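J.: In our numbering, the protein residues as written are 1451 to 1646.
In case anyone wonders, no lab produced these hints; they're calculated from the structure. Misleading hints may appear alongside valid ones.
Claimed, not checked - No more than 25 Å apart at the CA atoms, straight line, and that leaves these computed lysine-lysine pairs for BS3-like:
1. Lys1550 <-> Lys1642
2. Lys1615 <-> Lys1560
3. Lys1615 <-> Lys1525
4. Lys1618 <-> Lys1560
5. Lys1550 <-> Lys1525
6. Lys1468 <-> Lys1525
7. Lys1525 <-> Lys1557
8. Lys1545 <-> Lys1557
9. Lys1525 <-> Lys1545
10. Lys1462 <-> Lys1557
11. Lys1642 <-> Lys1545
12. Lys1642 <-> Lys1615
13. Lys1618 <-> Lys1642
14. Lys1525 <-> Lys1462
15. Lys1462 <-> Lys1560
All figures in this text were calculated on a predicted structure; none of them were measured in a lab.
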Amino acid sequence: MAEGGRWVIDEKPLIGHKDSVEDLCWSPVEETMLASCSADHSIRLWDTRSAPSDACVCTVENAHESHANVISWNKFEPLLVSGGDDTVLNVWSLKTMQYKEPVARFKQHKAPITSVEWSPHETTTMIASGEDNQVTIWDLSLEADSAEDIADVPQQLLFTHMGQKEVKEVHWHSQIPGFAVTTALSGFNVFKPINL
């Protein structure tokens, strides 16, 4: 803040994406870092301390096969999750992002991903929604168990919520672990799966 209580801001935009920016999220641990995803299929990381022309510190050009719609930053681990029109959820490690490959890839949804969010309470848990009217909850810490092998169901899939029309947003409750809310054309649902 400048003298006299006015903000001093650089009004130059961050330049990098070649199409519309679909989602943004600030890093929960590094106050100057920002992640963005775009209809140009890419994900970019930005350091806002740098001049706008130099602020992009990492680009994954083809993070998704089509529009990258949503992105969320894990507050416990250096991980991002993104969802796209390609119906895929990609988990990215900031430690290996320069290699342009996700550390995990999930294709459970049958239509574009509309929302995604890491749990504010559990390190490895995330929630996602799609235009297929599914809400899915995932736990990346789960490993394959041959005794419980179910064809075509990823081991990390904990829960699927269905029954709403045109699900647009999913969010975790900030104070109650495992408690989630969804918004949709048909209203909103508040729920807590028994296995969380």
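J.: The structure should be examined with respect to each hint, and the outcome stated for every one.
T.: Hints and how they fare:
As the CA atoms of Lys1550 and Lys1642 are separated by approximately 35 Å, the hinted pair breaks the 25 Å bound. Our distance criterion of 25 Å between C-alpha atoms is met by Lys1615 and Lys1560, whose separation comes to about 14 Å. Straight-line distance between C-alpha atoms of Lys1615 and Lys1525 comes to about 30 Å, which puts the hinted pair past the 25 Å bound. For the proposed pair Lys1618 and Lys1560, the alpha carbon gap of about 15 Å is at most 25 Å, so the pair holds.
Restraint check for Lys1550 and Lys1525: the C-alpha separation of about 21 Å stays at or below 25 Å, so the hint holds. Straight-line distance between C-alpha atoms of Lys1468 and Lys1525 comes to about 28 Å, which puts the hinted pair past the 25 Å bound. Pair hint Lys1525 plus Lys1557 holds up; C-alpha atoms about 24 Å apart against a cutoff of 25 Å. Distance restraint check for Lys1545 and Lys1557: the Cα-Cα separation of roughly 23 Å lies within the 25 Å cut-off, and the hinted pair is therefore satisfied.
Straight-line distance between C-alpha atoms of Lys1525 and Lys1545 comes to about 15 Å, which keeps the hinted pair within the 25 Å bound. Between Lys1462 and Lys1557 the alpha-carbon distance is near 38 Å, which puts this suggested pair outside the 25 Å criterion. Between the alpha carbons of Lys1642 and Lys1545 the distance comes to roughly 32 Å, so the proposed pair goes past 25 Å and is violated. A threshold of 25 Å between alpha carbons decides the hint, and for Lys1642 with Lys1615 the separation of about 19 Å falls inside it, so the pair holds.
A distance of roughly 18 Å separates the Cα atoms of Lys1618 and Lys1642; the hinted pair therefore holds under the 25 Å criterion. For the proposed pair Lys1525 and Lys1462, the alpha carbon gap of about 29 Å is over 25 Å, so the pair is violated. Restraint check for Lys1462 and Lys1560: not satisfied, since their Cα atoms lie roughly 39 Å apart, outside the 25 Å limit.
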